[in-house]
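As a plain string of letters, each chain reads:
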Amino acid sequence: MSLLRTENLSKIFISRRGLLKSENITALDNVNIELNERELIGIVGASGSGKSTLAKTLVFLYRPTSGNIYFNDKNITKYKSGKIKKYRKNIQMVFQDPYASLDPNHTVEWHIKRPLVLIKYKGNINERINELLNMVTLNPPEYYRNKFPHQLSGGQRQRVYLARTLAVEPKILIADEPVSMLDVSVRIDILNLLKMIRDKLNLSIIYITHDLNTVSMITDRIYVMHDGKIVEKGNTINIIKNPTDAYTKELIDAAPNPYKRI
Amino acid sequence: MNHNLFKNRSINKIPFKFNKIIKPLKILLTNNKAKAGFIILTGMIIFGILGQFFTPYNPNKYEFAGSMPPSYAHILGTTVYGQDVFSQLFYGAAPTLLVGFSVGIIGTFISIFVGISAGFASERLNSIVTGIINIFLIIPGVLLIMLFGSYFLGIHESLGYLPTILILVITGWAFGARTFRSITLSIAKRDFILSSMLIGESRLSIMFRQIIRAIFPVIISNFFFTAMYGTMGLTFVEYLGVGNLLQINWGTMLYWAINNEAYLTGLWWWILPPSFMISILMFSFILLNFGMDEIGNPSLRRFNRKKNKKGDINEFTEN
Amino acid sequence: MIPYKYIFKKSIAFLVVLYAAITLNFLLPRLIPGDPAEVVYLAIIKEGGGSVNPVYIHQLEAEYGISNAPMYTQYLQYLEDLLHGNLGISIAFFPEPVSSILSEALPWTLYLVITSIVISFFIGNRLGRYAGINRNTFRDLLIDLFSMFMASFPAFVLAFIMLDIFSVDSGIFPIGGAYSSSVNIGFNMPFIVSAIYHSFLPILTIILTSIGGWVLGMRNNIIPNVNSDFISFSENLGLQKEQINRIAYRNAILPNLTGFSMSIGLSVSGVIIEESIFSYPGVGLYMITAIDSLDYPLLQGIFLMVIIAVLVGNLVVDILYGFFDPRIRQEGE
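Chains as they are written, first to last, in the working numbering: chain F, 3 to 264; chain U, -7 to 311; chain D, 232 to 564.
It is worth saying that the hints were derived from the structure and are not from the lab.
No residue lacks a Cβ here, since even glycine has one placed at the ideal position from N, Cα and C.
Errors might be hidden in some of the hints.
[Stated by the list, open to error] What the simulated footprint calls covered on chain U by chain F, stretch by stretch (three residues with Cβ under 8 Å from a Cβ of chain F suffice, anywhere in the stretch; the number is not a length): (1) 57 to 69; (2) 75 to 89.
[As the list claims (entries may be wrong)] Cβ-Cβ distance ranges computed for the label pairs, FRET-style: (3) F/I239 with U/I19: 50 to 56 Å; (4) U/L256 with D/D312: 40 to 46 Å; (5) U/L17 with D/S331: 57 to 63 Å.
[As the list claims (entries may be wrong)] Mimicking DSSO-like on lysine-lysine, the simulated pairs with C-alpha atoms at most 30 Å apart in a straight line are: (6) U/K18 with F/K87; (7) D/K240 with U/K181; (8) F/K122 with U/K181; (9) F/K115 with U/K181; (10) F/K80 with U/K181; (11) F/K202 with F/K115.
Okay, chain F solo, but in the shape it has when bound (with noise of 0.2 Å):
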């Protein structure tokens, strides 16, 4: 049984150009994807190819233009605002620039406390916070707390904000190019975090890269995207090694390889 799944979900933006001109632009084109419980998956495609798109449509910051969404194989696709509230806290996202997804007037310990409330979290919330910093490797938590985000780091700052998504306790992760803004040097951390916080709490994670080298580290299967379309899925290894559809050559040929001689 799927944990979510998407059947044939479409998204066409209407951009206007002009005063009578308008022109339809396609970012999903009947996607079909399926997430597994503590399955951890790919989405790879070059920028424009819909991927944020997607994202933000399983989140609902979107609404899907024709398609269904399923949720433990309930069609949500209709939901309201009281419903995805509900639907929201089983999945949660990760923003792209960690510079932006971190309210800049609010402390790191704020931006943890908030959803613990919101989740009417049972527990000591002061303790909580500092098991949620220490789980994303913010040691010691005490030094985190009272800084500001432009006090962080690039690296740090993501992972304050995966400590946020994780205080929701949701079932579903979706990193949206969580490490394409850091340095090189960090990103295999945070790829790593990912993958541990799969291991640990049992998440499903949509981890979404226009990176090939960095989704073949950590994901098991990958949907490959171009012009809003699923071009290829499978298998990660396979796909890599035997790609079949000739937009996945291009991708792999262009993705810098380290053993490959020029």
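Take the given structure of chain F and dock chains U and D to it, following the hints.
Relative to chain F, chains U and D alone:
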């Protein structure tokens, strides 16, 4: 461990709260325009407070010879009615400031509420509220003041301070609402707001906890703009003669000076002091308005003067 | 290409606001406790003693909208009168109908408003551009301080000072009126010259007090543009300084254009005040008289007509803007 933690936090809390008051002020003083405006305005406020207690003569009494030019006894001379101009100026500062500030505060509150909810609400509500904002922007405020004032005169009432503040708030809130609306529209798309929606914050909570804080410099800047409108509006109301002309403020002083044709009869000491006090007050509001704008909008901040002689490279400094 | 959809949308908005203004005009006196119209009406009756002509009383009742009819019939009557262009009869200028006073006064007001807005928009943007491009220099500071000071000086005080210096003391400009009595009204040279001569001082005063907003707005719009990446890119391409400034200016002027339609309302406010000071025969002068004599039919007529004029002005500017800016989109997008 737990006990320790709690102690630690309570210690941390104290400087943090103190910071909350000091920090905005510090920010204010980093900008030269805002600093100048702040100094002038503080001076005005002190002038206004002192004026309630230490006027040299009773500003209401007609006890001197009329139309006396400035002298040691009357540093700004007397009016045609024999009132001491300086005492009136001194005493009238507080009500003038109070009207300006009240209009600023009430108007800003309304525009925060209307503007932010328009920018953050559903699309349909947004367009309706935007329409209402535009109506209030389009209608010339002076016309509405005239109409209201004349109706009040009709029922043998003049606009006292409260109705004046009310009408100025009605005609003056929309400018800020328009600003807040467009700023909120752009902030609502930022990731940190989306993130709060994802973790289940209500819109109201996001408005109060995050958006208002994010646009705080703009709110302050707008407060000074609305306060300026309020002060200017008070002088309009008084000039048109629909206000209560027995009250003493800089607006009524101008009304009496103008109605007695002080500018024709050479009583410059009667008409110029209130005019200049009003414009200095307005000037400080404008300085603070633009200073806060520059603080809120980093691209307007000063750039390092030490630029290349060729003028190509601008080094950005935080100032 | 004609932007029908956009024009349609703007026209609908125009009609809605127009209807709101008309209704507001009807409701306002009736909402104020102790209906002011009735108070004034009773005062007039009382003044005349028992000898007031019953025909006149009846007429007054009609003028002031005194009737025992239910609100909605009064409202329908009001709308019907409006449709026929019947705005009632002025009390201060009895028996002149309000509509004929307006047709005399409104053109002068519109002339002042349009001329001063256009000139101050043009000069203000130029000055702001100059200040923004030379930001943080002494010239910039001078222009900034001048603009701020002008914007902070009470408009009517400036008007009195100007009147005193240029008309009363030196006699360079006339003290009042819109044209000299020795010329024939019409499209002839002496009349036009006389009209411009008489309007010079009022227009100058309005420009002086309203220019500050444009200068500072333009300056604040152009600075981020001058500092933007695409400008440094053009610099690296080797474009002339003047060309680059023109690009920055063109980008900065768009937000100022939206401000243009909004500024009409403010300008009208200023003009109304100035007219009463310069004894310029526009609606402002009549309005002051109307307030003094509590001439409600005239006040309401002026209120309505000025708002309609401002709304039409807005509509025209909005539509022109639609042709001008190809990027126009739905608000808020």
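For this session: If any of the earlier hints don't hold here, list their numbers in rising order.
Result: Violated: hints 1, 2 and 6.
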